[in-house]
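Student: Below, each chain spelled out in residue letters.
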Amino acid sequence: DGGITQSPKYLFRKEGQNVTLSCEQNLNHDAMYWYRQDPGQGLRLIYYSQIVNDFQKGDIAEGYSVSREKKESFPLTVTSAQKNPTAFYLCASSMEGTGRYFGPGTRLTVT
Amino acid sequence: GNSVTQMEGPVTLSEEAFLTINCTYTATGYPSLFWYVQYPGEGLQLLLKATKADDKGSNKGFEATYRKETTSFHLEKGSVQVSDSAVYFCALSNSGYSTLTFGKGTMLLVSP
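Chains as they are written, first to last, in this note's numbering: chain Z, 48 to 158; chain H, 24 to 135.
For reference, chain Z alone in the conformation it holds in the complex:
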C-alpha cells in the first residue's frame, strides 16, 4: 500500500541535542511538508519542498533544518537552537492540485 511513514512514533531527547525525524513516502508525490502541532494551535508549517534538492521555509522555520536528497525522503532535524521543541510533528506530501496526505506523526519530548 502507498503511504507516508514517520519514525519513530515517540522520541525522547535531552535538551541541547539535535534530533532527526524521518519521513518517507512511496506515493510518488513531488511535494513534501513538515508541520508542527501544539495543543490548541492547529498546524503550523515548518518547511516544504516542491522538488528534490530544493526547499522553502514555512512560518516557523527557526531552529529547524531539512534536506531533500531523494524524492521519497524529507528528514527534519530539530536543532538545539529550537527553544520549545516538544511537540507533535507531522509530515505530509502532495501532488499539484491535491490535498495533503499526512503521516502518522512523531511525538518529540525534550527534557
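Hints are computed from structural coordinates only; laboratory data are not their basis.
There could be a bad hint or two in this list.
Said to hold, decoys possible - Using 35 Å as the maximum straight-line C-alpha spacing, the simulated DSBU-like pairs for lysine-lysine come out as follows:
hint: 1; chain 1: H; residue 1: Lys83; chain 2: Z; residue 2: Lys56
hint: 2; chain 1: H; residue 1: Lys127; chain 2: Z; residue 2: Lys104
hint: 3; chain 1: H; residue 1: Lys75; chain 2: Z; residue 2: Lys130
hint: 4; chain 1: H; residue 1: Lys75; chain 2: Z; residue 2: Lys118
hint: 5; chain 1: H; residue 1: Lys72; chain 2: Z; residue 2: Lys56
hint: 6; chain 1: Z; residue 1: Lys118; chain 2: H; residue 2: Lys127
hint: 7; chain 1: Z; residue 1: Lys118; chain 2: H; residue 2: Lys72
hint: 8; chain 1: H; residue 1: Lys83; chain 2: Z; residue 2: Lys118
hint: 9; chain 1: Z; residue 1: Lys118; chain 2: H; residue 2: Lys79
hint: 10; chain 1: H; residue 1: Lys91; chain 2: Z; residue 2: Lys117
hint: 11; chain 1: H; residue 1: Lys72; chain 2: Z; residue 2: Lys104
hint: 12; chain 1: Z; residue 1: Lys117; chain 2: H; residue 2: Lys72
hint: 13; chain 1: Z; residue 1: Lys117; chain 2: H; residue 2: Lys100
hint: 14; chain 1: Z; residue 1: Lys104; chain 2: H; residue 2: Lys75
hint: 15; chain 1: H; residue 1: Lys91; chain 2: H; residue 2: Lys127
hint: 16; chain 1: H; residue 1: Lys91; chain 2: Z; residue 2: Lys104
hint: 17; chain 1: Z; residue 1: Lys56; chain 2: H; residue 2: Lys91
Got chain Z; can you put chain H on it based on the hints?
Tutor: Here is chain H on its own, set in the frame of chain Z:
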C-alpha cells in the same frame, strides 16, 4: 493573507444527533477548501474537499458545500456515531503547491 476560522470546541453530542461545525475563510482568488479529521494520537486524514463555488464534498456521511457568497464551508453529518469523535480541521489552499492554511481545529465528542 489567507485565514480560516472554525467554531471553538469541544462540540459534545449524543449518538445519532445532527452535526454542524462552522468554518469561514478569507482568501484571495478562488481557493480549494478541505476538511481533515484527526483521531487521537494519529496524523490527519483528508475527509472531503471542494474546488469551486457551489461544489459539495462528501465522504463517510459527512458533507460540506463551498459557499463563495458567505465564504463558508460548514461540515455537516446527519447522524453522528461514537467513532466520529475526533478533531476536525478546515483548511484552504490556492492553486499549485501553495501552502495549506488550517483552522485551529474543532474537537467533537460523541457519547453513546
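Student: CA of Lys118/Z to CA of Lys127/H, is that 35 Å or under?
Tutor: holds (30 Å)
Student: Given the hinted pair Lys127/H and Lys104/Z, is their alpha-carbon gap at most 35 Å?
Tutor: Holds, because 21 Å separates the two Cα atoms, which is no more than 35 Å.
Student: Does Lys104/Z sit within 35 Å of Lys72/H, going by the straight-line distance between their CA atoms?
Tutor: Holds, at about 26 Å.
Student: Given the hinted pair Lys91/H and Lys117/Z, is their Cα-Cα distance within 35 Å?
Tutor: With Cα atoms ~39 Å apart, Lys91/H and Lys117/Z exceed 35 Å; violated.
Student: Under the criterion that the straight-line Cα-Cα distance not exceed 35 Å, is the pair Lys117/Z, Lys100/H satisfied?
Tutor: Cα-Cα ~41 Å, so violated.
Student: Within 35 Å, alpha carbon to alpha carbon, are Lys83/H and Lys56/Z?
Tutor: Holds. Lys83/H to Lys56/Z sits at ~27 Å (cutoff 35 Å).
Student: Does Lys91/H lie within 35 Å of Lys56/Z when you go C-alpha to C-alpha?
Tutor: Given pair Lys56/Z, Lys91/H is violated - Cα atoms ~40 Å apart, limit 35 Å.
Student: Is Lys104/Z close enough to Lys75/H, meaning Cα to Cα at most 35 Å?
Tutor: Holds, at roughly 29 Å.
Student: Is Lys72/H close enough to Lys56/Z, meaning Cα to Cα at most 35 Å?
Tutor: Holds: Lys72/H and Lys56/Z sit about 28 Å apart, inside 35 Å.
Student: Take a quick look at whether Lys83/H and Lys118/Z sit within 35 Å of each other, Cα to Cα.
Tutor: holds (32 Å)
Student: Would you check the hint for Lys118/Z and Lys79/H, treating anything up to 35 Å between C-alpha atoms as holding?
Tutor: Roughly 33 Å between the alpha carbons, so the hint for Lys118/Z and Lys79/H holds.
Student: For Lys91/H and Lys127/H, compute the direct alpha-carbon distance and say whether it is at most 35 Å.
Tutor: holds (21 Å)
Against the hints set out earlier in the document, violations occur for numbers 3, 10, 13 and 17.
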